[in-house]
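Undergrad: Next come the chains, spelled out residue by residue.
2 protein chains.
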Amino acid sequence: MWPIPQSWLNGNETLKIFPSLGIKCTNIETAEELTQQIFEGAKNRFREFLVNEKYISPNVHFEVSKNSLTLHSLTIEITGDKSSKLNLNTNESYELSIPSTSDENQPLIAHLKASTIFGILHGLNTFTQLLYFSKEEKELFLPFAPHYIKDYPRFAHRGLLLDTSRNYYPVRDLLSMLDVMSWNKFNVFHWHIVDANSWPVKSEVYPELSEKGAYDPETMIYTKEDIKTIVEFAHQRGIRVIPEFDMPGHTFAISYSMPEIITCPDVQPNWNDFSASPPSGQMNPVLPATYEFLSNLIPEMTSWFPDEFYHTGGDEVVMNCWKATDSVTAYLKEHPNDTYESLLKMFINRLHSLVRENDKIPITWQEMIVDHKLPLPKDVIVQVWTTEDNIKKVTELGYRVIAGSADYWYLDCGHGGWVGDNPDGNSWCDPFKHWQRIYSYNPTKGLTEEEAKRVIGGETLLWSEQADPTNFETRLWPRASSAAEILWSGNYDENGNLRTTKEALSRLNDWRFRMVARGIRAEPLQPLWCVKNPGKCDLPPALKNPF
Amino acid sequence: MWPIPQSWLNGNETLKIFPSLGIKCTNIETAEELTQQIFEGAKNRFREFLVNEKYISPNVHFEVSKNSLTLHSLTIEITGDKSSKLNLNTNESYELSIPSTSDENQPLIAHLKASTIFGILHGLNTFTQLLYFSKEEKELFLPFAPHYIKDYPRFAHRGLLLDTSRNYYPVRDLLSMLDVMSWNKFNVFHWHIVDANSWPVKSEVYPELSEKGAYDPETMIYTKEDIKTIVEFAHQRGIRVIPEFDMPGHTFAISYSMPEIITCPDVQPNWNDFSASPPSGQMNPVLPATYEFLSNLIPEMTSWFPDEFYHTGGDEVVMNCWKATDSVTAYLKEHPNDTYESLLKMFINRLHSLVRENDKIPITWQEMIVDHKLPLPKDVIVQVWTTEDNIKKVTELGYRVIAGSADYWYLDCGHGGWVGDNPDGNSWCDPFKHWQRIYSYNPTKGLTEEEAKRVIGGETLLWSEQADPTNFETRLWPRASSAAEILWSGNYDENGNLRTTKEALSRLNDWRFRMVARGIRAEPLQPLWCVKNPGKCDLPPALKNPF
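Protein chains in written order, with full-length UniProt numbering: chain A, 1 to 547; chain B, 1 to 547.
Since the hints were derived computationally from the structure, they do not count as laboratory data.
No copy is singled out in the list; a pair is fine if it fits within one copy or between any two copies.
Here are the computed lysine to aspartate or glutamate pairs in the EDC-like style, where the Cα-Cα straight-line distance is at most 20 Å:
{"id": "1", "residue 1": "Lys544", "residue 2": "Asp421"}
{"id": "2", "residue 1": "Lys138", "residue 2": "Asp216"}
{"id": "3", "residue 1": "Lys502", "residue 2": "Asp421"}
{"id": "4", "residue 1": "Lys378", "residue 2": "Glu308"}
{"id": "5", "residue 1": "Lys393", "residue 2": "Asp371"}
Next up, chain A with everything else stripped away, as it sits in the complex (with noise of 0.2 Å):
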């Protein structure tokens, strides 16, 4: 069971699955209709799991008896808002209780509530993982029932960061991905969609932006229409969908078709002096041009996600960029209270603005607040990718805090540098971040209670310089999963325990090979022996504490 809920009482009864279980919201017809529609995709893909998962596990085993007695039907309600309404303040939170006895002649009847249709669709989600397939009997079984299940969200924001920039990603694999985060409770697809590389999304009112930015104008980008599936397929799925629109730095795909907003592009051989990594290339803060094309671009660009969220991105901006462009020191010679921070604090301003002006909350690279100390307001979310003290430092501020450490939450790290000519170079944030490293990290090491409650929840990031569709499944999970379990179940069980990967081991093992029934290639943590043989490959106690 992955993530494992908050409270699980469970038993040792087999229970036999009726071939036509009967899964029935009691009170679905007082919803809204798009929760209807919700409710009906999601009570399909359960059934898919039902009648074609037929998953038999490598390290769970159970005991089938002839008496088992038979599943008969699900029964559902929804105890509380009927909407189809997803943000931040959803509630969650599920009960699953499959009951094991029954009174005589009786069919035995699961109940799933749930306040909302969101915690309906993780509380199915949950019931799926407790089927297994039995390789002998080649059946379906419910096994270590009576279940009794109280499940709720440790934080509310569980998200997975993808970069479709550095490398483009198909919509189907997009879909297909967003179905692997809706099974791991995942609730928030951060979508890097454009950065300097290219410009995959395909806007209406400047289409000359992936005309000319994206890798293939015809086959490598985001329509509206595409991008409306997306994000109503991940709704269904219980996800958010928020864009990332990376300004001023990482933009030099827009000087493609605009080249006169974008300073310092392609500076090269020595592109290290201007920009994180090439191309480099900052959008000019002192051009009306500048602000003219945010002004159009983002009632469109927001207007295509219902987030109440918009990511605005603003790290890595390097002045050296700025230095170097003439129009830039012009303006500053003019301007004598001016300074390159002070050109930056106007761009964010403006930008924040345009945002907030089309009714979304700005969220923010840790950047702005830590190196460039911009006075936002409060209620914007900044997202914290480097050590612990930076989320104590912007949470102390008071601002909001998506946590996710280059040093344990990145996906892509430890696979050798991207940059060519450089025999030597191995990644810069190596080393490669396992599950069980991506297991020890805890979003609110350190601070206070009141700090801690700031820390809204975290992202895991898959940055795509080394990762496209050839391989972005293997690099994804089961290793995000670690992460959603982190998300989802917090770091302390209910009796205020750390949660340690010795425990969760075989639990991962197991919801690793069930992934992979499902068709998805994650990878294998262990030999199949050690999967097989839970405890036997665990480090000896003699070289826990070496010294």
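Fit chain B to the given chain A structure using the hints.
TA: Just chain B now, with coordinates in the frame of chain A:
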């Protein structure tokens, strides 16, 4: 083009390809029947590429003219040995010439000649890499003609090791891997077929080995028929299959069926005192039953693998295991002139004798020579998996060497420890071996000319603790290609200049995308932007020598 030919002259004409390009071998009728079959298979695969590949390169651009000449046919000649014999001495060289002009009204004809059918296979593979599909013209072209290629391998033994014991791979995955190996001009599949974790080989003499020691006795095995399929498929592609039955260590899986001949099986929890990895277990060197087992097993296994070499293993023997075994200590008490080391010598002598009695030459891991200093005959080939000073030591002693250092050519490293309950554990051979590091490995570094001649080649290795069918393809490619070029083309070009990653990157990117077009999940090395803009993502000069 990958691996790059030893000598390659080309031009700037773009040829069209006659849709049903004639392919004819002038003297195939005089060849051995199996040679004829190999040729037919190769011709069919070549035609498949002509019809179906449609590879559009992201970084190779060429001019198409309405007046382009059309290549009409390919004429092939085997100039030497027409047998289908494939071994360490097989001549794999070939010459390919593709003209861009012809006498008036004469059709354009390409010529491929080679001493053996296996040279012909390499030439055909090279030819397929000259073909590019035009996105605009929707047609196949052969740019940069004329081509005059004279090519031969730098090393005779160009291997890839895959471990099918830690995790199992279905036959279809091995066949697919062999295909990709042949495109990369690998000629040895070192099949690390059994190990401590599982025994997938279904012996007919000892069926209980896989009935009890395979992960699944029905679905996760290799039958005699499977092995025949794999060996023949490989032979058809110019690849020798050398099996490794690692002994006396790494043999725990035998204990499931024959516990009496395995010492210190699965010691827990301090397995590390008895074995390099769990589960512990070594063959018992003092029991007649051990030798009876060998004398039955080895004739069978050697008969299933036609190659003249047989890998006997021999790595990571831990004497503590025998020291903890009553029968061994009792034997030593009765034989005061013996020692643990002399018992090892006795075991290896018997093992190697059996291999030789079955007409094979043993290959051994370096430990038998470097650590245990056994006086093995000089025809034994020694595989060195550690540092270059050990290659020096072993060649100084007069042995032939297969090189493949864990510091350079282990494809599994850098993905975190697979041992459980180990949150801080990275992989022992961190970091990840990125393609640039792999490319920088010189198997004959620091050797005299005489010593260097004894290095018959090398192998890149994928141990499968964290690899299985879900991810092995991305682990292998394109990094194994990096080793393949060093093995085929050598570290130095025909003018004696060191091959550089700077020169190689564009070609490797092109080759990676071609492998993807062939349906292989080869990983991306860079953002597509870097692929499309060669050199622009190179390490800036200022960072090259920072001090």
